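The sequence shown stops at residue 132 when you use our numbering, and every number in between is there.
What the hints contain is simulated information worked out from the structure, not anything from laboratory work.
Keep in mind it's a predicted model, so treat the numbers as computed, not measured.
Using N, Cα and C, we set each Cβ at its ideal position, and we do this for glycine too.
Heads up, a few of these hints could be off.
[Said to hold, decoys possible] Pairs of lysine-lysine residues, derived as PhoX-like cross-links and limited to a Cα-Cα distance of at most 20 angstroms, are as follows: (1) K72 with K58; (2) K72 with K113; (3) K58 with K88; (4) K88 with K72; (5) K49 with K80; (6) K72 with K49; (7) K113 with K58; (8) K49 with K120; (9) K120 with K88; (10) K120 with K72.
[Unchecked claim] Quick list of the computed label-pair ranges, beta carbon to beta carbon: (11) Q78 with Q107: 17 to 25 angstroms; (12) A86 with K113: 31 to 39 angstroms; (13) A85 with C114: 35 to 43 angstroms; (14) M83 with C114: 14 to 22 angstroms; (15) C114 with K49: 12 to 20 angstroms; (16) K49 with P104: 13 to 21 angstroms; (17) F100 with N53: 29 to 37 angstroms; (18) A85 with T117: 32 to 40 angstroms; (19) S67 with D89: 25 to 33 angstroms; (20) D42 with A86: 16 to 24 angstroms; (21) K113 with Q61: 30 to 38 angstroms; (22) D42 with D118: 14 to 22 angstroms.
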Amino acid sequence: DRGMGDGDQEEGAHEGAHAQAAGEVSSQPPADRSAAAAKNADKVVILAKNVANAPILKTTQFSASASHPFSKVIQHIQNKIRMSAAHKDAVVHLFINQSFSPSPDEQLGDLYKCFQTDGKLVIDYALMEAWG
C-alpha cells in the first residue's frame with residue numbers, strides 16, 4: 001500500500017523519504033507481514049474511485065493514519081489531480097459510499113469504523129457535486 005505523500009516511482013525516492021519523515025506510510029513492502037499488521041493497526045486503507053469525468057489516479061489505493069482528518073485525503077487527491085495541466089485549477093469533491101461528503105475535520109479512523117467496506121474506506125471523487 002502507498003501512503004499519502006509518497007511520490008510515484010517516477011517522482012523519485014526524495015519524496016518517499018520526505019513522506020516517511022512526515023509520518024506517512026512507506027511504499028516499501030515489509031519483510032514480516034505480521035509485524036506490518038501490528039504497525040499498520042492505526043492506518044486506514046483508502047480506495048479512491050473516480051466518478052463521471054474525473055481523471056483516474058495512477059495509484060487508487062493508499063493508506064493514511066487513522067488520526068488524520070479527512071482534509072488530508074481531500075488535499076492528497078486534489079494535489080494528484082492538479083498535477084495534470086488539464087486539471088490544474090480543478091476543485092475536487094469527495095464522497096463516502098456514493099452518498100455524502102464528510103466534514104474536513106472528521107478523523108479517518110472514525111469514518112473507517114462506520115463506513116469501511118471489505119477493509120477499505122471507499123472514497124468517490126468527482127470534479128462536480130455528484131451526491132450529498
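Going down the list of hints, with the structure as the test:
1. Taking the CA atoms of K72 and K58, the gap is about 18 angstroms. The hint holds against a cut of 20 angstroms.
2. With a C-alpha separation of about 18 angstroms, the suggested pairing of K72 with K113 holds against the 20 angstroms cut-off.
3. Proximity of K58 to K88 is assessed by CA-CA distance (about 16 angstroms); at most 20 angstroms being required, the pair is judged to hold.
4. For the hint linking K88 to K72, the alpha-carbon distance of about 18 angstroms falls within 20 angstroms, and the restraint holds.
5. Taking the CA atoms of K49 and K80, the gap is near 13 angstroms; set against the 20 angstroms cutoff, the hint holds.
6. Restraint check: the Cα-Cα separation between K72 and K49 comes to about 17 angstroms, which is no more than 20 angstroms; the hinted pair holds.
7. Between K113 and K58 the CA atoms are separated by roughly 26 angstroms; this puts the pair beyond 20 angstroms, and the hint is violated.
8. Of the pairs offered as hints, the one joining K49 and K120 holds, with about 12 angstroms between alpha carbons and a cut-off of 20 angstroms not exceeded.
9. For the given pair, K120 sits about 28 angstroms from K88 by alpha-carbon distance, which is inconsistent with the 20 angstroms threshold.
10. Taken as a hint, the K120 and K72 pair is honoured in the structure, with Cα atoms around 17 angstroms apart against an allowance of 20 angstroms.
11. In this structure the hint that Q78 and Q107 lie 17 to 25 angstroms apart at CB holds, the actual value being about 19 angstroms.
12. With their beta carbons about 37 angstroms apart, A86 and K113 fall inside the hinted range of 31 to 39 angstroms.
13. For the hinted restraint 35 to 43 angstroms between A85 and C114, the CB-CB distance of approximately 37 angstroms keeps it satisfied.
14. Between M83 and C114 the C-beta distance comes to about 31 angstroms, which lies outside the given range of 14 to 22 angstroms.
15. Checked against the given bound of 12 to 20 angstroms, the beta carbons of C114 and K49, roughly 18 angstroms apart, stay inside it.
16. Taking the beta carbon of each, K49 and P104 are about 20 angstroms apart, inside 13 to 21 angstroms as hinted.
17. The beta-carbon spacing between F100 and N53, approximately 21 angstroms, falls outside the hinted interval of 29 to 37 angstroms.
18. A beta carbon spacing of about 34 angstroms between A85 and T117 agrees with the range 32 to 40 angstroms that was offered as a hint.
19. Distance hint check: the CB atoms of S67 and D89 are about 31 angstroms apart, consistent with the given range 25 to 33 angstroms.
20. The given range of 16 to 24 angstroms is broken by D42 and A86, whose C-beta atoms sit roughly 36 angstroms from each other.
21. For the pair K113 and Q61, the beta carbons lie near 19 angstroms from each other, so the given range of 30 to 38 angstroms is not met.
22. Taking the beta carbon of each, D42 and D118 are about 19 angstroms apart, inside 14 to 22 angstroms as hinted.
Hints 7, 9, 14, 17, 20, 21, counting from the list given before, are not met by this structure.
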